[in-house]
Every structure is written in C-alpha cells, then in structure tokens.
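Undergrad: I would like the entire structure built from these sequences, with the hints used as guidance.
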Amino acid sequence: MNNLLSFFRRNKSAPVARERLQVLLAHERAMTGRSDLLATLQDEILAVIAKHFTIDREKVQIKLDRGESVSTLEIDVEVPSMAGAKVA
Amino acid sequence: MAKVVVVTSGKGGVGKTTSTAALGAALAQEGANVVVVDFDVGLRNLDLVMGAERRVVFDLINVVQGDAKLPQALIRDKRVETLSLLPASQTRDKDALTQEGVKNVMAQLREKFDWVICDSPAGIEKGAVMAMRHADIAIVVTNPEVSSVRDSDRIIGLLDSKTEKAENGARIDKHLLLTRFDPARAARGEMLKTDDVLEILSIPLLGIIPESEEVLRASNLGSPVTLLSPTSAPARAYADAAKRLRGEQLEVVVPLERKGFIGRLFGRKVA
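Read top to bottom, the protein sequences are chains A and B. Each residue of the first sequence is one higher than the one before, starting from 46 at the first, in the numbering used here. Each residue of the second sequence is one higher than the one before, starting from 1074 at the first, in the numbering used here.
No wet-lab data here; the hints were simulated from the structure. Please note that the accuracy of each hint is not assured.
Capping the alpha-carbon separation at 35 Å, the derived lysine-lysine pairs in DSBU-like fashion look like this [what the hints assert, rightly or not]: (1) A:K108 to B:K1199; (2) B:K1266 to A:K108; (3) A:K104 to B:K1185.
Computed from a prediction, not measured in an experiment: that's the story for all the values here.
TA: Set out below in structure tokens:
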C-alpha cells in the first residue's frame, strides 16, 4: 500500500523540497546574530529549576521541532525523587 | 569494536552527504548502532538530507566546546531506531573545531556506537583533515570524471599522511565508492570506465552507485535513499556497499533501474 501511494506521489517531491527549504531558511535567516539563543534559554530555564532541585545536566533532554507557523521546544528534566534520595 | 569511517572526496558535489546518509541508514537497518556525523561546519547539509533539519538543537561544536552533552546533541532518526545524527553548526566556522575537542567527542562516540560515519566537508583544509583524523576506514567518493579523480588522488595522499593512523605508522583502510555512474555512457566510451579509475587510484572498490533520479527525490523528501526506495538501483548499490563495509565478499555489479529481482538478474558485472 505504501508503495502504491509513493508511486502516485512519485513526481511530487519538488514541492516538498521547496516547503522544507522555506521553513528552514526562514528560521536560519532569523537566527543570524543570535546563534546561542537556545543555549541561553536552556541555561536560564535550568538555573530556575536548579533553585529548587539538584539536577543532573546529563539527564536533561531537549527536543525542538521547527514548524512554519509554530515551533515547539520540549525540555525534559529528570527530577530526582526526594524521598528516594533519602532512603538510598 | 566501533569503527570510525570518513566519507571524503576533496571535490564538492560528488555525493559525500548522500552516501553518508545512505550507508549509515543501510548499516542501521541491519541492526547496528550507527551515528552519522556532519563535519561541514558552517555549511551543514546532512541534517537536511536526513530530514532532521527542524529538530536540530545542539551540534558538534556545542559538544566540542562543552556547551552541551553529547546525548543532548544526538538526534535519533524517526524511521530507524538505531540511527542517530550529530549535526554540524551552521553559524560557526571551522576554527571552532579544536583537535582535542574532536578527539574527545570521537572517543565518546566510539563507546556508544558500532559505526561512526563522518561526512567530510569538501576541500583539503582543516575541516576535511579534522573529519579524517580519527578514522579507521576511509570511503573516497569519486565521480568517473577527470577533476574528481584528480582530487580523490590528492585526498588519498592526505589520508596516508594526516590521519592519526598514518602518523602512528599504521595504514588507514581506504575504499573507492564510484558515484553518479552511468553504465550506458561508460559502455559507449563517453565516461571513464571503472577499471580506469581503479587503476589510477589503486584502492579497492567498495561499490558503484548508478546515476539515478531516486537520489534527488530522496534528498527532496529528506530521507536516505536506502530507506525511501530500498528497491531502487542506487539503494541496492548502497546496501551492497554497506555489506562489503562489514566485510562481506560480494561481487560488484551495477544494479539497473528496473525494480525487484529482474533488475538484480540483469545487473551488469563490471569489476
């Protein structure tokens, strides 16, 4: 089925390429001069969390999805269980 | 034990990035843990060819400089679980790559993965040397065309002098990957023959990738050709090359554009 679908879409790869490039380049052009925005954002968010918990920087996962109109930044911080920490 | 591979060429536009993505995906599909690493700092494109351009947060430079941990910069492929990408920085330049930093990152990658495949920038300057520096195996991507063969010869010279292995008196394993090959034109004598290229460069042949519209379609759609259309001629040629990389002995044939087993049956013997 997948093969059948891709057969009919065979000649439609250029519009996809065009759209991918438009989204990517819009972001890249906007980023010029503030390349470390994400790093700064991460540091500041982590600093806030670190006020309340001890966090392991290795256990922080950051995911990003740049979209045409909306981008999502997902920060996944593993917070140690306070009770567990005391028992162990 | 992990193997570090550099995909290099000297000349630009011969198919390094396409080959890195296709070989990396082919190895990962067979269950190996694979990371493809973009060394083209300032002009990254492996993320685009892999279809991960919207998900880049941190990059090789961030890891080299200690701004991010390696796991944070690795992007897991959405199609093949065992395939990851370490993107290059788009905003920095090659001087941000320090020799010590790169060495450290490569050591960490060796611990995590079975295959570390480094996509080299074009040229023979610092970036290209950094990409090849820690490699065990080099794949020299060459088009059957005079300027590409000449540049490949130059790169082979660098591989034999500027890599860590070469400096320690060992030999780096070098393989030729002939890309954008047109069997019909070669048969008509309009294109350098495989044997000619092999004789001039005198390194063993890893594979011959036929020129194909599937390759452009794959990069338009952001997928390694080996994942997007595994039965296409270039995908089968890359899959075979991946098997040879793992040490399998396979006769080198150029698959034809026909689909399925018929294409395989009529595959042309060339070397």
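Undergrad: Does each hint hold? Answer for all of them.
TA: Structure-based check of all given hints:
Restraint check for K108 of chain A and K1199 of chain B: satisfied, since their Cα atoms lie roughly 31 Å apart, inside the 35 Å limit. Distance hint between K1266 of chain B and K108 of chain A is unfulfilled; the C-alpha atoms sit about 47 Å from each other, more than 35 Å. Distance restraint check for K104 of chain A and K1185 of chain B: the Cα-Cα separation of roughly 16 Å lies within the 35 Å cut-off, and the hinted pair is therefore satisfied.
Taken one by one, the earlier hints fail for this structure only at number 2.
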